[in-house]
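> Take a look at the letters that make up each chain.
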Amino acid sequence: MGTSRAWFELKVFFREREQVVFTFALPILLLILFGTIFTGDVNGVAVSQLYTAGLVAAGVMSASFQNLGIAIAAEREAGGLKRLAGTPMPKHAYFTGKVLSVLVIAAVEAVLLLAAAVLLYGVKLPGEVGPWLTFCWVFALGLTATCLMGVAISGLPRSAKGASAVVTLPFLVLQFISGVYIVPYTQLPGWLIDFASIFPLRWMCQGFRSVFLGDAGAVLEPSGSYDLDRVALVLAAWVVGGLVLCLLTFRWKSRREG
Amino acid sequence: MDTAVSVRGLVKRYGDVEAVRGIDLDIGTGEIFALLGPNGAGKSTTVEILEGHRKRDAGEVRVLGSDPHLAGRSWRARIGIVLQTAGDVEEVTVAELVRHFAGFYPDPRDPATVIEQVGLAGQARRRVSRLSGGQRRRVDVALGLIGRPELLFLDEPTTGFDPEARRQFWDLVKTLDDTTIVLTTHYLEEAEALADRVAVIADGVIVAEGEPSSLGGRARAAATVTWDGGELRTDTPTRTVAELMSRFDGEIPGLSVTRPTLEDAYLELIGGEAS
Chain D
1 MGTSRAWFEL KVFFREREQV VFTFALPILL LILFGTIFTG DVNGVAVSQL
51 YTAGLVAAGV MSASFQNLGI AIAAEREAGG LKRLAGTPMP KHAYFTGKVL
101 SVLVIAAVEA VLLLAAAVLL YGVKLPGEVG PWLTFCWVFA LGLTATCLMG
151 VAISGLPRSA KGASAVVTLP FLVLQFISGV YIVPYTQLPG WLIDFASIFP
201 LRWMCQGFRS VFLGDAGAVL EPSGSYDLDR VALVLAAWVV GGLVLCLLTF
251 RWKSRREG
Chain B
1 MDTAVSVRGL VKRYGDVEAV RGIDLDIGTG EIFALLGPNG AGKSTTVEIL
51 EGHRKRDAGE VRVLGSDPHL AGRSWRARIG IVLQTAGDVE EVTVAELVRH
101 FAGFYPDPRD PATVIEQVGL AGQARRRVSR LSGGQRRRVD VALGLIGRPE
151 LLFLDEPTTG FDPEARRQFW DLVKTLDDTT IVLTTHYLEE AEALADRVAV
201 IADGVIVAEG EPSSLGGRAR AAATVTWDGG ELRTDTPTRT VAELMSRFDG
251 EIPGLSVTRP TLEDAYLELI GGEAS
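Going down the list, the protein sequences come from chains D and B. Heads up, the first sequence is in my numbering, so the first residue is 1 and it goes up one at a time. Heads up, the second sequence is in my numbering, so the first residue is 1 and it goes up one at a time.
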């Protein structure tokens, strides 16, 4: 039933034309902007390569955190969640459907972004299996963690109208302090990096940099290394913590209804 | 009579306010039962507790033999709920939405049949966002019926309908013979047209319960006889008419004999005669 929900969610998503264009075009647009404004390379690493890694991470978080945070708040306000809760649909099918549909959306988004990066900026993709395996687990763990964050934050806004602001603001701040827009990441003050390190986006960016920059780029990391074990640890912790948070706070009814 | 819903001493508090203050209810299997009452009287709270959407503070509640708050998926497969508002899914067609919901139930009705039953056969392939308000409401009803429920909750199902659409909706409800229906409504004529029994809730308690035709002592209340040139409230309207016949020697001009309407009885019960 989870896959039936996912199929249904995807159908709904792909029919909202503005949303589809926005979701898929924004990362590419940002890549073109940054690629045009900042050219050349840092320590032998092309800037476009750096931005590609960061924007893949931001794209995942946009498809999961931003999209779910806003969409679920709207569904809750309109009574759609309450209606589902009144049917025999198993509750977990709703979440499975969300995560699977976001997985598809984020994968399409990543493929489009990488294609644009290769075609427009000649970004080099890794030729071995190893980095792609890293890509897969960073993608899967990061997506799950940020999905759960999105589900959790959907309960914060008082209304669907407020959801856009409540969700977008922290996402925007995280993008600035996690190494999406401002690269190399070592330019940021240490305390800001420490703060960003609490959240998954910083670690997703770092994981994707390891994929697209290779060993040569490790010197641009705050610790001089990609620390992939730490990336895995923090993302996994967010998956567990996010799940607990969602189980404790998720509401099927709107706040107005108590 | 088999009991579909049984409630004893139901209490619900919101903070210091007691919204429901000791309600008893019995609804028989196959019955259409209407709950009437002003906004804030405890009507929606009561229904939400029956639907399993809200916890109670005290009392015994049995719906299809189970406590709704503890009941699981197999219980929800036996009920259908049409909420007051549920307008979230826009960009799917009526048929897609109904088929999707059919997948939640172990023994669903045929989606095409249900869509036809609610009068949307011509709109089955249209997106929900392109439907009128009344048509969307029918989609809600179709989603409530798709699981072949033994018990159907209809929460103000015809609010915003024009009179013709309302009548069509009543005809639809009347076709659901073996389904127990719990209906809340603001329209007294709706309760009168559909319900086998009605209960009036005011200020968290049931102030009257019975058949629509006898609610609040309606059937025994004095009738009003009016004619051109006079009006009389009387317990013996037949005698009054006979007297008038002899006085006018034939047709009585402008004759009407009326009993209090359900609305009169209702307003009396909730203490709102002034309106």
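Just to be clear, a hint being listed does not mean it is correct.
[Unchecked claim] Straight-line Cα separation of at most 20 Å, EDC-like style, residue types lysine to aspartate or glutamate; simulated pairs:
{"#": "1", "chain 1": "D", "residue 1": "Lys11", "chain 2": "B", "residue 2": "Asp57"}
{"#": "2", "chain 1": "D", "residue 1": "Lys161", "chain 2": "D", "residue 2": "Asp41"}
{"#": "3", "chain 1": "D", "residue 1": "Lys253", "chain 2": "B", "residue 2": "Asp57"}
[Stated by the list, open to error] Examples of chain B residues toward chain D, derived with CB under 7 Å:
{"#": "4", "residue": "Ala71"}
{"#": "5", "residue": "Arg73"}
{"#": "6", "residue": "Arg76"}
{"#": "7", "residue": "Ile81"}
{"#": "8", "residue": "Leu83"}
{"#": "9", "residue": "Glu91"}
{"#": "10", "residue": "His100"}
{"#": "11", "residue": "Gly103"}
{"#": "12", "residue": "Trp227"}
These aren't lab readings, by the way, just hints derived from the structure by calculation. All residues carry an ideal CB built from backbone N, CA and C; glycine is no exception.
> Taking the hints in turn, state whether each one holds.
Against the structure, the hints come out as follows:
1. Lys11/D x Asp57/B: violated (41 Å)
2. Lys161/D x Asp41/D: At roughly 42 Å apart (the allowed maximum being 20 Å), aspartate 41/D and lysine 161/D break the hint.
3. Lys253/D x Asp57/B: holds (19 Å)
4. Ala71: violated (10 Å)
5. Arg73: Status holds, d = 4 Å.
6. Arg76: With a minimum Cβ separation of about 4 Å from chain D (threshold 7 Å), the hint on arginine 76/B holds.
7. Ile81: holds (4 Å)
8. Leu83: Since chain D brings a Cβ to about 6 Å from leucine 83/B, closer than 7 Å, the hint holds.
9. Glu91: holds (4 Å)
10. His100: holds (5 Å)
11. Gly103: holds (5 Å)
12. Trp227: Where the cut-off is 7 Å and the nearest Cβ of chain D is about 52 Å from tryptophan 227/B, the hint is violated.
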